[in-house]
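These protein sequence lines are chains A and B, in that order.
Numbers 1 to 933, taken from the numbering used here, label the letters of the first sequence in order.
Numbers 1 to 1064, taken from the numbering used here, label the letters of the second sequence in order.
These are calculated hints, taken from the structure and not from any lab test.
Just so we're clear, the structure is a prediction, and the values are computed from it rather than from any experiment.
Keep in mind that a hint or two might mislead.
Distance condition first, Cα-Cα at most 20 Å in a straight line; then the derived EDC-like pairs of lysine to aspartate or glutamate [stated by the list, open to error]:
id	chain 1	residue 1	chain 2	residue 2
1	A	223	B	585
2	A	874	B	585
3	B	140	A	709
4	A	643	A	665
Residues on chain A that point at chain B, a partial pick, calculated with CB under 8 Å [unchecked claim]:
id	residue
5	87
6	218
7	243
8	343
9	594
10	642
Positions of the beta carbon are idealized from the N, C-alpha and C atoms, including for glycine.
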Amino acid sequence: MTNTTLMIHFLLTPDSSSALKLKRLVAAEGGRTDVIVGSWPELLVHGRNSYILPLDNADWLTLLAEGVEKLKDAFWGKSYGNVKEEEKNTITGIIGEHLTMLLEAAGPEGKLDQLEQLESAPRLKRHVRDLALLHAAMHCALPPQLSAIQQILQATPERTIRSMRVYHTGEWLYLNGWQEALVQHLNGAASEPEEPLLKSLLESAVSGPEGKSGSGLRYLQEKLFSLPEKRALDETLQWLVVRDYRQEVEVAAGMIQKALADDNTLKPADIALLLPTDQHYSHAVRSVFDLAGLPVSGLHDAYNSRDLGGEAVLNLLLSLDKPAPVIALASLLSSPLMPWDNGVGNTLAQKIVELRFDLTEPKGFGAEQSKMLFFIRERVSNAAELKERLKHFPALLNRDEAMQKHRTRAELLCTELTKRLEKNDAIPWPLLKSLVMPQTLAAPTTSTTTREGIAVFYEQAEPWRKVKRLFVLGCFDGHYPLTPSGSIIFTDTDLLQLHEKLGMQPDTAKECNGRQRELFKRQIGAAGDEITFFVPSRDALGKPLSPSASLTFAGALFAGDGGAERLLVNLESNIERQHARGLALAGEKAPEPPRELLKEDLSFGRNLLEICPNEDGSAKSETPSRLETLMVSPLAWLFERLKVKAREWAPETLEVMTKGTLAHEVFEHLFSPGELPSADTIKSWLPELLDQSVRKITPFLDRQEWKVEREHLGQEILKAALQWREILDKIDATVVATEISLQGKHDDLAVNGNADLLLKSGDRLVVVDYKKSGSTIRRERMTLGYDHQAELYGEMIKTGGAKEPAKIPKEALQELERFKTRGQIGTLYYLMNDQTVLANTRGWLTNIGGVEEIHNNTAVKAMELIGTRINELKSGAISLNRATDKKDCLDNKGIKAYALDSSPLIKLFMKEEELPADFSTTTTPREESNEQN
Amino acid sequence: MNRTDTLPTLTIVPAGAGSGKTWYIQTKLAEWVINGQLAPDKIVAVTFTESAAAELRNRIRAELIAKEKLDEAIGLDQAYISTIHSFGLRLITEFAFDAGLSPSPRMLNDDEEAILASRALATSESAIDIMQNLDRDGFKYDFNSKTGAETSFRKRLLTLTGLLRSIGKDIGAEKLSAHAEKKIAELYGPSEDAASLKETLLAAVKALLESFPEDISKLGTIPDSIRKELWRNYRDLSQAAKSEPLDSDWGLWQKLRKLKAYAPGSKKLPPGYDDLVRTIIAAAGALPLHPGPMLDAQNHARTMFSAVAESLSAYADEKRSRGLVDYTDMLTEAHKLLSTKKDALEALNERVACLVVDEFQDTNPLQFSLLWSLKKTVPTIVVGDMKQAIMGFQNADARLLHELCKQNPLCTDPRKENYRSSPALMTWINSIGREMFDGYTELAPKAQFTSSITDALEVLDARVTLGKEACASYTVNRVVELLHGEEEQKIWDKDQKAYRRLRGGDIAIICYTNKRLLFYADALRKAGLRCRLEEEDWFESRIIQYAWYALSYVADPEDRHAALYLYVTETGRHTLQAGLAELIEGHKLQDALLDALDAVAAGAPDRTVDAVLQDIVVKLDLYGTIAEWEDGVQARANLLRLQAECQEFMRGNRDAMACGGYYGSDSKTFLGWIKGKVDRDKEGNKQPEASVIDDDAVQLMTWHKSKGREWPVVAVCGLDEGEFPRLEATRVDYTDFSDLENILEHATAEIYPKFKASETNDKFKAALIPESRESSKRVLYVALTRAREKLILEWPAYLEEKKDSGTYWTELKTSAKITLGVASMAVGKAALPCRISSILTNEVKEVAAKERISTLPVYGRRAIGKKPLPIDLTPEAITPSSLHNEAAQTPGKRKDEKYGDVLALDIAGVDPMRKGTIVHRAFEILAGHPERAGMLSDAAEVALAPEQAAGIAAAVAAFDTWLQATCKPQAIQAEVPLLTLDTKGTIVSGFADMILETEDGLWVIDHKSDQVPTDQLRDERFNIYFPQLESYADALGNARKDKPVRGIILNWVSFGMVSVMEMP
Ligand code: SF4
């Protein structure tokens, strides 16, 4: 009939890069319609397609997993029983690899049952026996690559649609028993004889030594890894030592530019780079060579991409399993998959990171956006609810075209998860989370290969072009030859035994090493004129690297004692650098000085108190803490007003501030109007109160890993509370109100602030402020007159009163009203950490241990300073800080200048250089004695 | 085969500084291999660092190659030459199944360790007891590290855990604590009856408060200077009067001992007060005799031990199930394996024929035992030097080596030569060694040069107390004189094998602490000299801040802080005033730099963070920019590290990241992660070394780090510091040393707690002093033996007057019996020439600053010229099927023809792509072979319903019929490989669906399963496919010169239609 089946000549190459080389050789001889050039996987596909074969139904992976699980007594059983689900998969994988390896070594005829031969090696015997039992338990299924071969070997003639002749050479290709059998089978049935031309093209494709005979290069290409006579090194070879991979690439690029400029017969295509497979080499080549205008050909430099879908689903689960880790929540809110733009996402995320968990809806949110926010924020109480969320979640994701694949991925995962939620009961969080494993999505391996570009060869691949000059990058230990990873079950000795006793043909590490060496020889064999090897001495993180083993062998070829190190030219050494050939050199030049920052006081020519007003246009009111910032650093005050604040993410931490908030919360409930609780009451209430505030403020403290902090905090608060109770008892005053917002005026400036507690005794009103810190600095500050806070409370009561009267009990309001005109107001700090009371009163609190009245005017200096600063702000002036301010605040004002650390810009724009910490030979004892706040 | 049994079973090689121990190992092993006594792949060698391992391997390899043993040199690839941890890891990986472990153990990171340990801690009852009483147990806020009591507690627990694990004790808390408690009682000494001591004290306190019930600090007669103190006294007295606190608050006792009182007769305090206070002081003075603190200490020790034991076992379970290991597990598990699995040990023995352990003095008891279990059956070489045992802080225990030598005197083969230092220096080193160490082995000077430098030994004799800055200024002055003085100093260059002028890079200044080095760095800079110093503040460095803010901005362009930073600092172009003015006006900051970053931000949203950073690096040409900076070399090393950190972050295991609280792979998380990383771990904030060689820079280094290094000139500085025992301390002791084989069983731990009474503390410290003196001597030995030709010694003679002994200087002077003469130094009985310069003022000595020549590197990035990339390059290879839609012009006229029915293939679960493949395969096998119809399902690799199969077969048949009728084919081939070059030399390779051969030519046939119901759609699709078909036709034309290519036929299989086009 007319449907003629031609025979295919299949030229088998080790990999795709060698195939590329051979294709050119064949094509250059004139076109062909009966030749395929390819590597083993392609042979398998085309071989298989030459027959009509039924689908292989045995599911190797499933059978394997079942078998490994079932054979509890096998050598892997104990490990398997000891580890978690994901690790079990790893074990199954390893066992599968080894079974495959054994089956491969046994060949198509092989059996795994003559184990008596292994009597002398009981451990080996046990390993082989268990793998054989596993294979039997799997009904002798074969791994896909072997089963495909087996099918072809067993195919009947009527299923043959075409014949194929395979050409290969042992010089660059190693075939195992199965592969040999397949090749023989195909060739046995080939309808046409071998074509000598094709055979010779194939042989000529194996990179032979291209170096000119007599040259050092040729000598290296031929004799590396052997022990010939020594000879002198010539100009065809050099080994350059540089610091790191990037410098290798930079120096190579410079040398290539120079070489091309110096020799106009040389073209980029006459040059090749040989690179380790590590991606960072490829990325560096892309950026450096692009910059240098040097085209490269065959570079794999695509980046992997993020698994946005997987991350979104995992983070959703994490967010719903309360307490949600803040970064998971933040990362989800700012994911590009969210149905809102980046800015909105980042703002929401920032709130979470600052532990403000009330995710209120931003203005202008549409229905879907609200729904998504609701989905993320609200907890789910059972499996049904979670199922519902997972069902609708994917549909709410960003509809952008570019997000398609991520949406699909999220959808798949959600479906997968819903399947595990059939029953409507407790949610198996750990299981669900383990099902979602975000992975970086591997970059496509395609690369642009051009005829004109500098060829890029990779360490694991055959070279695909002859070149004049070769630059070998990454000659450090473990590369050239690449160190193969051995088997963890069979040692080389085991493998040799399998060969000797059972006639198997296992691949030993030794042979593998040998093949790597041969590959390296073929790679360097591709160069005709010269090779430069680069030896990096540090990795990217700065850790030392040792030179490649091939260097020692190269050292043996070329004369000179002192070993292989004599071959190395370290570019960092001025003397040695003179010996480097073809190095591109830049002119000497003085360094660019860093830009001088202008550190002059600022002036904006407008009233800075009026900028960023309230929504109604009124000027923002100040608080004691903002005024403290103003005292310490007007620039920090301005940053605060302009909302210029670092938007950094950090996992949950228990800051001193947060501890204080928790303690305040507990105190608020313990010491409220009414009877003073007894010591025993305090002890019994405290745990529950602390629990409550933890749930509200720092839910993460409930996790096990925070136990120490939690217990310690409880203990600290208890100690402080008991002592405070004792003091209150002795003070003989009644509690008027707790947690009360006050507002009033300081001169013409609106101020507001919260008082922790109001105490009344006759016509004396005491504003109490709890501080989660020690007393040393506060005492100092009061003594020095820099305690503005106490004074401000008094002023607020006198000039204003309660900020939200509606929220305050009537009696308290009455008292506040009364003290506007009558009576005395004092302020008292209770310093929880050393249980000390400091008050600005005189003679109100006598003879109580641990209570101290400091009755000079504790605020006079502070008020002066605030006045000055306010006037500056009004005139639009901001004076910058000085390097000495931190110390000055502490020593002369009793203020810890936290505001200076609120942005690195403040430090950068200090008027003098700050002394490096290491030079302040002694830290003042005072500085040491006062901790937190 | 190999005659392993001819090897000595044990060789101990004590090797003093510079005695060539690596050379010894390398030649010894090579010798054995060459003699056929040892197979190279059966060597196990344990070294201290990975690079030492690599070097040893290379050197043995070179030795074997030099001896023409090629196979052996190659066989060395299989030898285990590594650090002991890698060795342990390899064992537990290779024998994972024997040990019941995960075969792919993952090293857990710091975050994971912290979290898993914290969780384990929460399960320990004993730990909870401490947590609830952190104050009682003395855990406080630490001002140096700025960490809270919780962290101190965790740290202490971790230290103890490390110590216990280093002696293989993860269980058996009772036995350990019994020993520790006994030790505490022993050192504490006798005590008296608690009740009566308290009674006396309480009575005294009450007596005072009865007479003075009020706080006397407020009295007008009190001098201001003591008011505060009296206020505190009153508070403490009130506290004590409650009675109960005196039962447990030893701090209060101690405070009562320090109450303010004046000598009798003083009128400063109210009459009678002083006497009453003195009674209290006397009563409280019994604190050191009170049994309470001791019982508390014992209780504390007990609780700590059980807390460790309890949390360790929970921690171990968790790790095992996650397949995680830490450094210690690598050893513990390996040790367990070798001591309990006979199989494994046997299997290992087959693979090991010789064990070499380098730096043996630095092994800890656990490492010792692990090695020992191998040593039992394998010939072993142990190399080490007691005098250089300085890794005690890592729980290394030099007593083990000492004991080993003692028990095996006949197996020792000490090195007796020195290849490092000049004879003059060696004489001095030998004298020092003789005095300082028992049984010191003299080293004969064998270095192959004669030093021409003046004064091998030099002392800077400070007679007056010197500040650190002044101290540094004198030493640096000497360095400057040596480098630039009138008398040119020549040294021997080991690499070039020649004498040459002394350069900065030949000199090292070494100190005990890192901090101290900063003074020298500063002095050197002032003198215009460059220096190399491992510097901190990587994160704070200029380039990292730049990149960090740039990345922050890209991640969140609304981050006004980042924008302002980039706008007004060195990276930007504007003033702070200008930036803020814009913000005050409510404007967004705008600038070329920010525009560039906006462009980066607009890139693909699923880029990984390393890709984003790379975009920034390229867009801002960061490497190009910093290449021009003064500290550009360091900056590029720093930036490179940041890029590598991105990759670490991407590679980081999800679980591990989650343990640190980091989720997601976005840039913001990365930014937080990297900042957290350097915050948590000071080591992590070191700047990577900018270069490996720097000819002119003086090396600054700590004594510890200098171990194993050498320089022509070394200045040993900072001898005024010292090692002083600090409480709380922990230490290992052995109940019995004779049984090295089971040494772990005899190892036990002791806790030296901190008490309130200083007398008690002194007793405990005294017990630790002998060991700390030994350790001082050893670290001195290391420091003093680094020089090849000249040693400069800072000599803080002023310390003579200070009572505080225990400085390195005191130790050196006393133990080596040193006295200085005019131009000589006496060491014991020997007197050696020595240049002595006396320092008589404590002012900083100025140095005339040399003109600083700072040139930028001449090779690397700066040597690259920026050039545009060439465009329009020719592809190396193409496949026609990838050629689509290149706005093709179809040259000929197309004729469409219907040959069969519509083929609607609807197979469940099969997508259109796959459907296309099935149809192609059907045409391939059925065209001309209708008899194969039965195998269609097999060929399609999918189960086809009979009517589906029939439909397909009918379609193929219809096509066949049309072909036969219309084209009169001579031959038809399916799936034809085409391989050829096109006119530009590009390789064209691919498969044509069919090639049809007629009498007068060839046709290319392509099957397409597109949905093309309308003419217009068919037009469109045809045009899209045309380039591909044309390429097949060209290729075919190239390959088959025998006949012309007539045209192309597109078979629209789903519609039973063909489009035929003749090529012009
Ligand atoms: S002790 Fe462990 S971690 Fe340290 S250098 Fe040796 S192997 Fe590496």
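Evaluated hints:
1. 223/A - 585/B: Status violated; Cα separation ~74 Å.
2. 874/A - 585/B: Holds, at about 16 Å.
3. 140/B - 709/A: holds, 13 Å
4. 643/A - 665/A: violated, 27 Å
5. 87: With a minimum Cβ separation of about 4 Å from chain B (threshold 8 Å), the hint on residue 87/A holds.
6. 218: violated, 20 Å
7. 243: Cβ of residue 243/A sits 6 Å from chain B, so the hint holds.
8. 343: holds, 5 Å
9. 594: Since the shortest Cβ distance to chain B is 5 Å, the answer is holds.
10. 642: Hint on residue 642/A: holds, closest Cβ of chain B at ~5 Å, below 8 Å.
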